[in-house]
Every structure is written in C-alpha cells, then in structure tokens.
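Student: Keeping the supplied structure of chain A fixed, place chain B upon it in accordance with the hints.
Listed below, chain by chain, are the residues.
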Amino acid sequence: MTSRPWSESLRGPAGALGTEHAPAYLPIDRAFALVNDYGTGRALLWRGPAPAEANEVATLWRRAAEAPRPHRVAPEEVVEGYGVFTFPYGPISMGVPESGRFDVRTYGERILTLGPVAGFKSRRILGALPGLTPEDALLRVERLAGNFSAAHAAAFLAAVESAAAIEVARTELWTRALAQELERIYNHLHQIARVAEAASQNVGLAQTHALAEEMLRIEGRTFGHRWLFGALAPGAPTRRLDPEGRRWLGRALRELSGRFEVLLELFLGSRTFVDRLQTTGVVSRERAVRWGAVGPVLRATGVAWDDRLRAPSVPYTDLFLELPREDGGDALARILVRAHEVRSSALLLEQLLDRWPGDAMAREAPAPPVGPGRGLGRVESPSGDLVYEVRLTNGRIASVGMRSASHANWPVFAESLRHAVFTDFHFAWESFGLVFAETDA
Amino acid sequence: MDLAGVLLTVAIASFFAGAPLSLIRRDLGYLTTFGAALLFGAVAVDALLFGPVRGAAWGGPLGDVETLSLDALSAFFALATSVVWAATSVYSVWYDDRPSPVLAVTYALTLGAIALLVTASSEVLFLIGWETMTLASYGMILEARGRTDRVYSAAFVFLAFGEASTLLVLLAFAGLFVGTGSLAFGPTLSGTVLPSLVFVAGLLGFGLKMGTAPFHMSEWLPIAHSSAPSNASAVLSSTLTLAGAYGLFRLVSLLPGPPDWWGALTLAIGAISVLLGALFAAVSEHSKGLPAYSTIENNGLILVALGVSLLAGANHLTLLAVFALFAAFYQALAHALAKTVLFLSAGYVEHLTRTFDLSSVEGRATGPDRAALVGTLAASLSLAAGPPLAGFVSEWMVLEALFQSYRFGETWAQFVGLLTGAAVALGAGLITVAMVKFVGFAYLWKPRCARAPSERGSLGPVVGAVAFAVLTVGITAPWILVLLAPSVSVVMGSSVAAPIGGLLSVPNGWSILSGAPFGILSPPMVPIAIAAGVLVAVGYDRLGRHRAVRRVPVWMAGSAPAREGETYTSFGYSTGIRLMMSSALRTREVRANAGAITTVGFEAVEPYSVELEVFDVFKLFYDGLLVVGEGVSRVLKERVMPGQLGRYLAYVLVAVLVVVVYIASVST
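Keeping their order, the protein sequence lines are chains A and B.
All residue numbers for the first sequence refer to this note's numbering, where the first residue is 102 and numbers rise by one.
All residue numbers for the second sequence refer to this note's numbering, where the first residue is 377 and numbers rise by one.
Just so you know, the hints here were simulated from the structure itself, not pulled from any lab data.
You may find that some hints are simply not true.
[To be verified] One-sided and incomplete, this derived list gives chain A residues near chain B with beta-carbon spacing under 8 Å:
1) Val185
2) Thr187
3) Trp457
[To be verified] Stretches of chain B that chain A covers, calculated by requiring three or more beta carbons in the stretch to come under 8 Å of a beta carbon on chain A:
4) 950-961
5) 984-995
Ideal Cβ placement from N, Cα and C applies to all residues, glycine included.
Isolated chain A, as found in the complex:
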C-alpha cells in the first residue's frame, strides 16, 4: 500500500485533464481512496495530513460499515433561502425500485441539491464474511447485488486468489469473462428499458424488456441460473461449456443483438425519447475525472477508461475490445454508451466463443498479493470499476472491503441533478444505473 499522504492520494492522477484519453491509468491506490466514508463525512473534506490509520483501507471500510444508518452517500451542501425546504423522496417510492431516500433541497419543482441517503436496506453482508471459507463467502457475495452477481463474484474471487496465491484454470478465467459480458448485456438492456419507462416509450419498454428477459434465459441455459449464482468458483470451473452449448450461445446472441440494433434505431428516431434525455443530468468531463466517476458515466464524458482495457486481466489481454465513448456527458450519452456496449460485448463474446481454450489443464498465475495474505480484485462491472480487497488468515476470510461503481458515482449523480427540475430525476437516475444494494452491502 502506498505511503503517500492521504490528501495527495485523493487528488487524482497528475495531468489527468490535459490529455485526450485521460486518465491513461487510474492508480489502484486511488481507487481505494475513493471509498466513500460519507458516514463520517470526512473523506471528502479532509485537509492536510490524514490520521495515521488512513492508509489502512480496511479501517475506512469498517468505519463506513459502522456509520449510523441511514447516512448520506454524497457530500452535503447547505442551501438556504425563502421557501427552501427539504423534500424527502423515499425510502419507499414509485420510481426507485429499491429502498433508499433522497433528500431533495428545493424551493419547489427545482432540485437545488440532492442528497442520496443509503442504509435503508443494509444487510451487513460484508461484515458477516470474516471467519468463512472463501467458498462460503462467495455464496453471499454473489447475492449482494443480484444484477451484478458475476462482476462481484469475479472481483471477489480474483482478490481471494491473489491473497492466497492460487493458480487459476484458464477455462475458469474465460468462463468469468463470458459470465460478466452476458451480465453486462443484460444490465444495459435493463437500464435502457428503465429509461424507456421513464420516458413513457411503452412499445420500446416492452421490446427491451423482452430482450432483457431473453438474456436472462440465455444466462439460465448457459449457467444453470438466471442471475448467474453459482456460475463461478475459485480456482477451477464447476461447469463445462461444451461445443454444442457454445454454438447455441453464439447463435442466440447474434439473433438478440440483431434485434437490439433495430430497436436502438427506433429509439434514436423517437424525438420525444431523445429530447427528454439530452442535456439531462449533465456531468462535465473535468468533474467526472476529479470526482472519480467510473464506468459508462465516465465514458459518456469522453474519457476512454475501462478496467478491461486499462487494467486488463486474462482473457481481456488477448481480446479486441471496442470501447464506446460519448462526449455529451448527459443521460443520452450514458444511454448511448450502454447501447454501444451491448454491441461491443456481443463482439467480445463472439471472440470468447470462437477462441475458447481447448487445453483444460492450462493455468494462469494470479495477480501478486498487495500485502501478506491480502489481495485485490478488480473488474469492470456493468456500471463501472468494482474493487474488492480480501485478507485471508489460515485460509479463512479475515476481512473484506469493497468499493463499487455505485460508491464512486453517487456524488457525481447528486451533482449532476443540481438545478434540474423534479421530472429530470428519473432520467438521470436510470441512466446512471446506481443501486443501493451495493452501498448497503
């Protein structure tokens, strides 16, 4: 772990804003630094040298887990004025499918500041992991956020393998990539459907839902579980993908992506749909980089940064990845990035299936541990950079820390809605693809 002062690690990569494809490499310690400690509210406003324990990432995580609930997950800003009040939206609301509250500071109709409040569905999953074997812990990690189960499982396993220095079967790594790309396509379809719903595009909504359901069935047929629970395992795969199954999967995906292309064209031809998304929830490129946004949110501001490309692991090192990028920074740009990623993931899947490793015995070395018995796992989840830190003692979990894409993107989301009208909320919300399940782990 780095010994640089805390404040410096918060500052972000030097010169990141100056180059076209900035940042070329997001240092791993920075990714940890962005753990949101908003429960105590100090990670944000830390000035000067940090307390001694600040370098211990686990301490931060523990403190975040012990934070009083509910707690804000974005910086608090003070706005006063005549008629200004706080409008609590949630924790049970029509539009947001999870329990979570938003404290909207407003004089009516217009959002002055938005404060997402997490902690309403806290399940203490990560806190309960110490003492378990990695296999048992995996069962829980998979269920932490159902839509992202493959990403969480892959990141967690990578961290475990790094900590324990376990060699991994090459087929297992390819299986992980396969599961993650399937999951990515499903999530993007799901998110596009949610935006279509917000814009009352009912035909588009039904069609996209149908495609998403199709995706779940494909996942179910390939891995035996619609949400990919139990699909991945440490070290070696639990399930063999036979050539017949691979051929079927390839056909099914080609057919699905063909249907999606038609649908996307119809969506983009709908004036009401595009108008509603354009200039909604704008995130500037400078802010996205400085505040550490990740995933489609970051790529929609023109920054070509993706774990699969910038911090690649096997098999992404061997594959061609077409990385979509948009410049608008608004809800439309984010949705376009997602739509184009459906295409790029289909391309990745095609490559995976074509070049499936035949040698069942080949093994790959894990990433080197970052400390004694301490490993990091990092994958690009559908919503962006996901990092796990695992410590093992005697083959059992000692502690687990996680920084999800939701953690990173909450403040950017809150900022993007400043001065928007209430009705913009859902378009922005759905285009960000944030889930309380990740922050309330």
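Tutor: For chain B alone, coordinates are given in the frame of chain A:
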C-alpha cells in the same frame, strides 16, 4: 319623506356619527356602524322590493335638489356593502386593540362616505363621498402595523392612485354635465364623441379603484389593501371596489346605446386583470396579498361580464346583454361576501400566529377555530368557483355569457370574446391554485407546533356567518337574480326579467337560463344532489356490518417530519407556476453569498442562499412614468419656477392681461 326615507337618512348619519362616538369609546363606534349597517341593509331590501326610497333633500349648487336616495341600482350595492359592514364591524370590536381611536374613526368615516356616494343623487354629492372615502381609507391604511416606511409608502401609493382615479371620475362627470346640463344622475347623455370620452374616462377612473384599468394595478391595490389592518382590508377590498363598480354601472346607465368598441375595450381590460390577478395571487406568499390579487381577478370578471353586455347591446342581442349584466351584478355580490371572509380570516390567523407569511403559518384549527376554518374553506371554495357556492354560479354565468360571443356580428368581436374566454378559464384555474394554497397553508397544513389559544374569544361565528351567506346566496341564486332584476333594469334602461326558468322535473324558477336556448344551471339542485349522495353513503354505512378500523403507525416518508423544514412550503407549492409562467412572471433566481469554491480532492461549495424572484412587467410602466414625471418637474422647477420674484410678477401680469383680453372678447 316616508319612514324608509327617514331610516335611510338616520342610517347614513349614524355611519358618520360612529366617528365622534369612537373618540369616546371604540366599541361604541363599531357598534354604531354595525347598527347603521343593519338599518342600511334593511332600507336597501325595501328599495329593491318596493321601489325607490328618498331620504333627506336639500338645494344643490345649481338650483337643483340634492337627495339621499336609493333606487334599485344603488339599493343592490347598498345591500351588498351593508352585509359586509355588519360583519366587519363586529369583527372590529374583537380586532381593534390599538391604543388610539384613529382606526375606528377613519373606519366609520369610510363606511359613511361609501354609503353617501351610493345614495348620492347627484355628481357633486357622489364626488364628495368618493373623495371622503379615499381620504378616510388613507387614514385607515396609515394605522397598519409593521415597518413604518412600508406603511407610509403603501398609504401614499393608495392615495396617489385614489387621486388619479378621482381626477378621471371628475373628467367623466364634467363630460356628463357638459352634455346634459345637469349635475343630477338622471338625464341620459346623447351624441357620439362625448359619450365615448365620458365612458373611457369613467372606465379608467372607476377601474383604477377596482384595481383593474389598462395597466394591471398589481403595483398598488395589493400593496395598499394587504398593508391595511384586516378590518380595513375587508372594507377596502370588498366594498371600496364595489363603490367603483357602482360608479361604473351608474355611469353606463346614463350613457346612450354603446358602440361595439366600448365592450371590446372593457373585455380586454377585464381579461388582462383576470389573468394577471390570478397569476399573481397564485404566487403570492402574503396571507393578505393573495386575497388582494384575487380581488383584481374578481373585479376583472365584473368588467368582462359588463363588456359582454355592452358588446351584446351594440349587436342588439338584448337577451345576452341582460344575462351578462346579471352575471356582473351577481359576481360583484359573490366576490364581496367571499372576500370579506378571506380578509377577516387572514387577520384572525395573523392575530393567532403573528405572521402574514403563508410559509411560516403553523398549526391546525381546533375547537372554536373550526367554525373559522369551515367558513374560510367555504369562502375560498367560492372564490375558486366550487359548487354550490356563490362563486361557482357567478363564474358559470360569466363563462356562459362568453360562450355566446359567437352571436356577435363582427368576426373580430367574436375573436375578442374567444380570447377573453380563454383568459377567464385560465384565470379560474390559477385562482384555484391560489385558494388551495390559502386554505391549505393558513389553516390545514403544518401539523407540528403549539399555537397560543386566543385570549379574546373565537372569531368563528362572524367568519362562519358571512360564509353561510356565501353558501345561501349560491344555493338561492335564481331568487337572488329575481331580487336583482330591478337593478339590472336601471342599467338597461328598460324593465327586464330575471333569466330563470325550469327544465325536466326541476320546478319552474329554480334554474338559471343563459340564453334561449343555450345553457341551464339549477343551483338549488346542486346541494340536493350532494345531500342525496351523502344520504346514500351514510345509509350504506349504517346498514353495513361492523367496520373494522385499523390504526398503524406511518413509516418515515408518510409520517410527520422528524426535522424542521421537511414539509412542503407554500412557496414550494406554487413554484411550479413560477417556472411554468416564467415568461409572464420574469422569474429569476438570485443567489447570495455564494462563496469561492474550495477544492480539496472533491469540490466543496460554500453555503449559499437562494431566492426565486418574480417580477411584474407593468412595473416598468410605472418606473418609466416616474422617470418622466421627475424629469418634467425638474425642468419646470429650473426653467419656469426658479424662485425669482421678477419672474412671478411677470406671470401675474401676463395672467391679468389674458383675463382682461378674454373678458373683453366675450363681452363684445
């Protein structure tokens, strides 16, 4: 002079007698005006039912006879004002706890002046009443609580606009005198140009007092009326504007058959007033400013109805002209009653919560306040045109009249009617927002807080009684129209019958007909239908089995807020309109002390405050007027009146010479 005449004279004398009596004891003054109001109302009913009443008479300046009299037209206004005054006088006994009796004295004088101008048989007497009314009201506004400079400025604004109004009315009356050679209200003016000049001057002059006029008067009426003490606000907003309406109707009754542009002009002014009055009412946060803006909207409706009547008259559509005139009268009555309740209620809430700011009013009506709550609810519903209340009937009549603008001969006139209809409908929608806001945030909202109980007893009965009148007038609308028929006849110049009839099983005379045939409404049947529905529901409830009531705690979002400032403010309630109508309101956000942005890893913005401001575009007109006025004054001061004795002597000399030459030319 018969008994009614004596009583009329006594009533008016009593109003004025209230002023000196107030010096002895305030309550005595208010009780005197209360008695006078009852007497005045009784004589008015007598005049409406049995013909004109003549009171004291004396010789006028030009050898004619001045009398205090009530014909059918003035009797209607006398009746409407006396109901309001009876309520405000009782209210004042409770309300006026000021150390000085000035408010009581000016209050009595204002009432007397209005009574005098309503009963005046000649222009001179009318003007005396008009001017006394303005000056006495000025005194009432000066008695307001609050920051001295604001009160002075509100009173000054009132006086300035009042005098402008007097000037225009004087012009109109001068025209009448030139045309008819008489100072009495009687002979009808004839000709083409002169009546038009008189009409325009009268429309502007009386319109100023009603808060309408071509330039929306949001710059003065709401400021003046809302700054006054609450009993004065009610008198100003309900009856002083009624005096303006009376003057206008009286003037119209003295003019010949109108050309069509009179009606179109009246419609246009009315439509603008309705729309902007409603718009500003919806975004007002002042518990008395809001009803004051609503006054502009309602007076706009009166003008709209009058405009339809004039246009219909010009197009020889007698039936429509009569119906629209009934609508105007009924609207005036409905507004006067409901608005009284609103102002009394606002004063009551202010007395209990010490604030006029709707966003800061907290508490919920309990105990004896319930009557005030129900009364306020009824009055607001009436102003928002909710059935079966008076405001609903009047709004229906005005809209029905406008719907028939297709009958006008000229296409442009039809078009004006169409646009006015759209403006009135939009105004009705906006005023609903305003009224919901008023009741919601003054009475129903904000569950938390402890309010101090009133130490001086509840006002529920007074507010409730006037509200009951609003309900009664609404339900018995057809018979009210019958009562109004003589008044409308005066303005029409011929005897007319009330537009009532029957349809299906509704008894004859229970319904209002808006044309032959056009629309029909039966106000008495509305409560009957509602009662029948309630009966069914109650019966079902009684016959039904045991009703299980489950009480559960509400969770987070549904429960009372845990923290201060987590409830919707009245400001927030109407911000939607501020943003939607931002082009009309010139909405803009003003930020203060937005400190420098400090960057430590993330950005952290300094605390700041924000205000969403609206702006009245017509203020630009008055700002411009001010600049021009000051410029002209400066030029006059520097060039014409520089303070040199020689100059002034020269002026005197020139004046004498001019007079000598003039007299010489006239005598030869």
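Student: Next step is simple, just say for each hint if it's right about the structure.
Tutor: Each hint tested on the structure:
1. Val185: holds, 7 Å
2. Thr187: holds, 5 Å
3. Trp457: Trp457 (chain A) check fails; min Cβ-Cβ to chain B is 44 Å, beyond 8 Å.
4. 950-961: holds (count 5)
5. 984-995: Coverage by chain A holds for the segment 984-995 of chain B (5 residues, Cβ < 8 Å).
The structure fails to meet hint 3 from the earlier list, while all remaining hints are met.
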